[in-house]
Amino acid sequence: MPDRRRVVLRDERVTLAHGAGGKATHDLVRALFLEELGNEALAPLGDSAVVGTIEGRIALTTDSYVVRPLVFPGGDIGELAVNGTVNDLAVAGARPLWLTAGFVLEEGLEIATLRSLVASLGAAARRAGVAVVAGDTKVVERGRADGLYVTTGGVGVIECAVAPAPERVEPGDRVLLSGTLADHGMAVMIARGDLKLEGDVESDTAPVHELAGGLLELGDGLRWMRDPTRGGLATALNELSDQSGLAVRIREDRLPVRAAVAAACEILGIDPLYVANEGKLVAVVAADAAGEALARLRALPLGAEAVEIGVIEVEPAGMVLLDTALGGSRIVDVLVGDPLPRIC
Amino acid sequence: MRYVDEYRDPLLARALAAEIRGLVTSGESVRIMEICGGHTHAIYRHGLEELLPNEVELVHGPGCPVCVIPMGRVDDAIAIAETDGVTLATFGDMMRVPGGRGSLLEAAARGADVRMVYSPLDALELARRDPERHVCFLAIGFETTAPATAVTLLRARAEALPNFSVFCNHVLIEPPLRAILETPGLQVDAFVGPGHVSSVIGTEAYRFIPEEYGRPLVVSAFEPVDLLQSIAMLLRQRVDGRCEVENQYTRVVRPEGNWQALAAIEETMEVREDFEWRGLGVLERSGLRVRDALAAFDAECLFELPGARIEDPKACRCGEVLTGQIKPWECGVFGTACTPERPLGTCMVSSEGACAAFFSYGRLRRPREETPIGA
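First to last, the sequence lines map onto chains A and B.
Using the working numbering, the first residue of the first sequence is number 3, and each one after it goes up by one.
Using the working numbering, the first residue of the second sequence is number 5, and each one after it goes up by one.
Heads up, a few of these hints could be off.
Derived DEER-like restraints, expressed as beta-carbon distance ranges [unchecked claim]: (1) B/G106 <-> A/E37: 44 to 52 Å; (2) A/P303 <-> B/A162: 50 to 58 Å; (3) B/G104 <-> A/I269: 31 to 39 Å; (4) A/P318 <-> B/A19: 29 to 37 Å; (5) B/L16 <-> A/I269: 22 to 30 Å; (6) B/Y122 <-> A/G110: 25 to 33 Å; (7) B/L16 <-> A/P318: 25 to 33 Å; (8) B/T340 <-> A/A125: 49 to 57 Å.
25 Å max Cα-Cα, derived DMTMM-like pairs, lysine to aspartate or glutamate [said to hold, decoys possible]: (9) B/K331 <-> B/E53; (10) A/K198 <-> B/D126; (11) B/K318 <-> B/D79; (12) A/K198 <-> B/D117; (13) B/K331 <-> A/E108; (14) A/K140 <-> A/E108; (15) A/K198 <-> B/E129; (16) A/K198 <-> B/E53; (17) B/K331 <-> B/E61; (18) A/K198 <-> B/E163; (19) B/K331 <-> A/D335.
Partial list, derived from the structure: chain B residues whose beta carbon lies under 7 Å from chain A [what the hints assert, rightly or not]: (20) H50; (21) P228; (22) M237.
Hints in this document: simulated from the structure, not taken from any laboratory.
Keep in mind it's a predicted model, so treat the numbers as computed, not measured.
Ideal Cβ placement from N, Cα and C applies to all residues, glycine included.
With the hints as constraints, model all of the structure from the sequences given.
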């Protein structure tokens, strides 16, 4: 590749010219995106990234991120856009390999803000061991977007013989959770400031590929995995009960929720079971593999608080039940409406 | 969490459940109505019915403020929201309540500016921040939320805000209770009284229930241990042969209520001649309107409202659910034509509504209850 002159970006804010495809676009891509995300596959800036060959089945995913505010305690939209997509690959049983990133920028966004968010995206990709190999930038008029939207796509490879799937879940299997619930959703909600609530709550945004990788080594003992994001644990488990045709029974007294998060949920009347997580893993494992699975999760920093939260049963088919701490029980139903909009 | 965990203590709950079992005679039936939607929600959320003996049956009453708003008033709110230059602000639960022309959420999708707020003061702040737009707060609720609306009205007047109004749908707790108590063949033996309403109106306000209708009432807080204790107190009254108003929620509720809150309501609102209730029909002197002195902030004076009365859908039996005559699942459309996703009746809209709470948390218990004895 020819050695190019270093491009300096002098603009303080994103203008429509940065999306016009001309020199301003070029400068933005070279002096900002390439500088923060640069790697061999991205550097040629061709129409497509040409990457290596893959041995195994391929996992593909895409996700868009529209969180407001762009920066929140514990993370920002850049980090979220990597972790969310990496996690979608990881819980499918795939090892994440490459990402693409599409940016919709709002005219007027500060270049310094954009740079810090893209830098954060780059750092998150390096942490997760993936390269951002292709990208795109568009600019829309002021007022037509909340600063910045990001869409990431991901490619991963499934190397295990049998990937985890709902149809592999059996009665008697155990349900494991890698850590505390509802941190991300409540952190964003509080950061938004509309609620006049203050609290020491941080988003849990993190890549769970190492947690997932540890469980994949259990082989047949691992049945199913999910990252309980939008709609929270309740939604993920309802999808499992629906797709497997089995019942999921969880115990309220086992569900880990940080005190500040529990208090915020209590004040707002929101059930933490329905609040988004961005760095958690929920897995179903065979009963005789549960001890080993918990040990593997707890051996990693992100899984230090992992717990067994429930069991798979035959009846009532297709439902999630909660044994309440008081000794009663109730259905954990699918979410209707959206208690917390625009959190990821 | 302090001030919460104490009231969710499983050991204490089990002890109270045992006490309750000791207060009923095997085979008898005691029907207790919890008036407040917050109680209904707590009962289902914590699975409290499973802790009670079969002799005690809980009936879910009319105290869900969202559930009692008639369809015509929703249409009026939509008309306000669809007026040029107007922002309608309201509590999240109101957004999905079906009117004759759909819900506020659907109006928002068509282009109306509808905002969700957590307090009427947030609506006032919207008006301050955007003087170009008129902000109307759709006020709902019993005496619980009326003081916040009252304070907001007083503040709007103090600031002489020209772009703020209230569409007042506040209602009073006594008229629907009387309507229920006068339902022919009423099968409610005792009442769990609402906690938040009582913090405003006090416990004295319920004396007509034992005195005129011969039913005991215990004002209760909202945590599971509170509710179990209130049920035990009601059953203890029966055993002792007493019939009176008692207060379990002593940490908040005073016999005389909150005079400052009552004074704020009195200063800003007056009782309407009548008000239409979803499922209960028109009840005399049951609603509040903004006083004439504050007409400049009264949406009913500022906007041309359709003001139509719309019949509840015939298949919907919200009225019988609200008065405790049928269980939610005895309604023909429960869980089929009427679900939390597409509610036909208002009891299915708010998570405090009897139908939604039953659908979301308790519908598993239905088959057992449905099995006819001796079949």
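Here is how each hint holds up against the structure:
1. B/G106 <-> A/E37: 44 to 52 Å: The hint (44 to 52 Å, Cβ to Cβ) holds, given that B/G106 and A/E37 are roughly 51 Å apart.
2. A/P303 <-> B/A162: 50 to 58 Å: Holds: the Cβ-Cβ distance is about 54 Å, inside 50 to 58 Å.
3. B/G104 <-> A/I269: 31 to 39 Å: At roughly 35 Å between Cβ atoms, A/I269 and B/G104 fall inside 31 to 39 Å, so the hint holds.
4. A/P318 <-> B/A19: 29 to 37 Å: About 30 Å separates the Cβ atoms of A/P318 and B/A19, which means 29 to 37 Å holds.
5. B/L16 <-> A/I269: 22 to 30 Å: holds, 23 Å
6. B/Y122 <-> A/G110: 25 to 33 Å: holds, 30 Å
7. B/L16 <-> A/P318: 25 to 33 Å: holds, 30 Å
8. B/T340 <-> A/A125: 49 to 57 Å: Given range 49 to 57 Å: holds, Cβ gap about 52 Å.
9. B/K331 <-> B/E53: holds, 14 Å
10. A/K198 <-> B/D126: OK: A/K198 and B/D126 at ~10 Å, within 25 Å.
11. B/K318 <-> B/D79: holds, 18 Å
12. A/K198 <-> B/D117: holds, 23 Å
13. B/K331 <-> A/E108: The given pair, whose Cα atoms are some 53 Å apart, is violated under the 25 Å limit.
14. A/K140 <-> A/E108: Since the Cα atoms of A/K140 and A/E108 sit roughly 9 Å apart, the hinted pair holds (cutoff 25 Å).
15. A/K198 <-> B/E129: holds, 13 Å
16. A/K198 <-> B/E53: Roughly 36 Å between the alpha carbons, so the hint for A/K198 and B/E53 is violated.
17. B/K331 <-> B/E61: holds, 11 Å
18. A/K198 <-> B/E163: holds, 22 Å
19. B/K331 <-> A/D335: holds, 20 Å
20. H50: holds, 5 Å
21. P228: holds, 5 Å
22. M237: violated, 19 Å
In summary, the numbered hints that this structure violates are 13, 16 and 22.
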